[in-house]
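S.K.: One letter stands for each residue in the lines below.
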Amino acid sequence: MSRRALNLVKNGQPVALTELAPLSVADFREAILEAVQEGDRLACLCADTQLRLFAVLADDAGKTLRVVRTQLDQPRYPALTPVCPQAHLFERELAEQYGIVPEGHPWLKPVRYHRPWTGGEPQPLPLPGVMDFYRVEGDEVHEVAVGPVHAGVIEPGHFRFQCHGETVFHLEIALGYQHRGVEQALEGGPHPLSLKQAETAAGDTSIAHVWAYCRNLEGLAGVQVSARAERVRGLALELERAANHVGDLGALSGDVGFLPTASFCGRLRGDWLNLSAEVCGSRLGRNWLRPGGLQHDLDHTLAERLLQRLEQAWLETQDALELLWGAASAMIRFEVAGHLTPAQAREIGLVGVPARACGISLDVRHDHPFGPYRDHAVVPVLAESGNVHSRAWVRWRELSECHRYLAAALTDLGRTPCDPRPRPLPGLAADSLCVSLTEGWRGEVLHLAITDAEGRFARYKIVDPSFHNWFGLALALRGEQISDFPLCNKSFNLSYCGHDL
Amino acid sequence: MMHILLSRWRQGHRTLPYPKELPALPARFQGLPRIAAAKCPEACRLCAEACPVEAIGFGADGPSLDLGRCVFCPDCVEACPEGAIAFTGDHRLATSSREALVRTGTDSYARAEVLGEELKRVLGRSLKLRVVSAGGCNGCEVDVNVLGTVAWDLGRFGIQYVASPRHADGLLVTGPVTRNMELALRKTYDAVPGPKIVIAVGACAIQGGPYCHREEQLGGVASVLPVDLYIPGCPPHPLTILDGLLRLLGKLKEPR
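Quick note, the sequences are listed as chains W and S, same order. Read in our numbering, the first sequence has 506 at position 320, and its numbers run on one by one without any break. Read in our numbering, the second sequence has 209 at position 177, and its numbers run on one by one without any break.
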């Protein structure tokens, strides 16, 4: 079966489930494996209580998305993971959520340590962090366990290192401590709290998540958002990206002991966040977007004021970061740590900044353009070495792109009048599926909504970029010194709650 | 080296003069709500019906808004045809008790009190906090973290986040306390030597926030530990958090 025969979908445009004919389980597997063989990425694999399996395949270079589905007769099927490592965490998730056994999965451990969604009490009850960790045996091999509570102001997670002296042979990451039940909370929705839950799925990526959520609703309701509202949403997303990139670069400087940039960026990150707060009242962009358009727009005086503050923030950010690139002692630390090859990145389905740092051109804004990015293109920023330096460098170049984008957007937005408040959306299309992707500051944010006969969410799947990328951090640590873990970790800066949901 | 010194000069001294001067808050900042109960039409319940977290109740004095539940969304304000509810720019939201977070139509709002005499003697000049995220979305976490930057410089008030509970005088907790974090939170608390305090930051940590209906969480820190300070918001502004901490230590020179 060629992938050309599969159902094409567009980012944010719904498709009736009847148009997505279920494949046989064998064809479903074959379709995914062939597509991945040809270079597609497994962006999502999920199931529902009726044992339907859905997969989203992204051909990023060809700028297309495909959805395949199958119906299982019984809760088991031959696992994809042995030949397609990208599927590994998705298949663990299927087993944990719905008791669907991917037969032959080499690493079938819990993901979030919750009770099965199909009901019933498993014996024994899952306990977070209690699982069969991979162990290296031998003389002088030792194990280091870190977390769930970490030494900084940071979310919880457990890291288990297999070390020989300073050298890390293997790192296994056990998450799930942050599991709040976001996906299940959205089922039966949209509910009054759904928007807030989308905003807090990963609360430092509010805009990217809430935008993906809004686009699913708008797609399913058949509502077109005005060009102005799309532009303001782009402004919100790029401000979120800029603030986080500035914060990350400062924290990376701090992790190698280069304090001038660390101190300056700690403060400057706030200056970028405060730009968002001027429009919506919240530094994290809460209550900015709403389905159908915006909760908060900005008039020309505000746009002008923001433009001035943007230029000042950018000037000071450049000053702070040029110091970093000129500090040889910091650069040598960045260059030797946390190396990933492009082949590894492709194999595990890495997305976002870490993928681009391996030279893989992958950016939803460019590959599957949405909203303002159709008319106002963004060029993906790439680096080649796949190490901490590359991940820092990609952030730095993206900051420059953010600044260019924001300055143009603020100039244009100041010239046109504000939008009226959007009206409440009409009902959602029944028995349909909608996939919406945005490019958050960490990478691809995917929301997949499947509606029932009443137009309510029968299943709502969220894939934060961290879900793809945590395994990348584990691989980047192989053969490195354990003392470089904080630096490597910060160079990915992944979300715990975005993974745990 | 010269570059660093030059940058240092260009970047300037940026620590906020707070608490001598109040930093400018954005015009659309949502602080302490004001409820004009006199405007409420008879038997109107539109605000309560619109609230997604059941934060609005009705008593003899008209509507009341529970800031411990409130996620600071605009739904009640938009639902009210009379404009009876408005969020003001007042950032001072922290309280010492859960009950004090219920805002009514009266002007009074019982802000956080200073620690008892003995605790203030022990902790007042040096408060070391262990921060635990127990299901937080990294919203509260980042705004807690930001107090450590040069802009806020928490250290000048004698407050510091420390890496081990053994070095701490108390916990600062964010998140609704997920079932998966309950044990870790309890163990961290047990590891803090007494006397110790607990601070709940954000809507989740107070009552579960947007996840208050979910069985994967326990509905806030108070379900597990005794709480000494409640700081509402989703997330609270760094200034709101700092205001709460300084009130607790008796370091704000203004009337309550």
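Everything labelled a hint here was simulated from the structure, so no lab data went into it. The structure displayed is predicted, hence computed values, not measured ones. Each residue gets a CB set at the ideal place from its N, CA and C atoms; glycine is no exception. Treat each hint with caution, since some may be false.
Stated by the list, open to error - Derived Cβ-Cβ restraints for the label pairs, each shown as a range:
id, chain 1, residue 1, chain 2, residue 2, range
1, W, THR353, S, GLY187, 52 to 62 Å
2, W, GLU490, S, PRO227, 51 to 61 Å
3, W, GLY351, S, GLN192, 27 to 37 Å
4, W, GLU289, S, PRO227, 54 to 64 Å
5, S, PRO55, W, GLY225, 29 to 39 Å
6, S, ALA195, W, PRO268, 40 to 50 Å
7, W, ALA337, S, LYS283, 51 to 61 Å
8, W, GLY408, S, ASP185, 15 to 25 Å
9, W, GLU307, S, HIS45, 36 to 46 Å
10, W, GLN309, S, ALA56, 50 to 60 Å
S.K.: Identify every previously stated hint that the structure contradicts and give their numbers, smallest first.
M.R.: Numbers 1, 5, 7, 8 and 9 - these are the hints that the structure violates, sorted from lowest upward.
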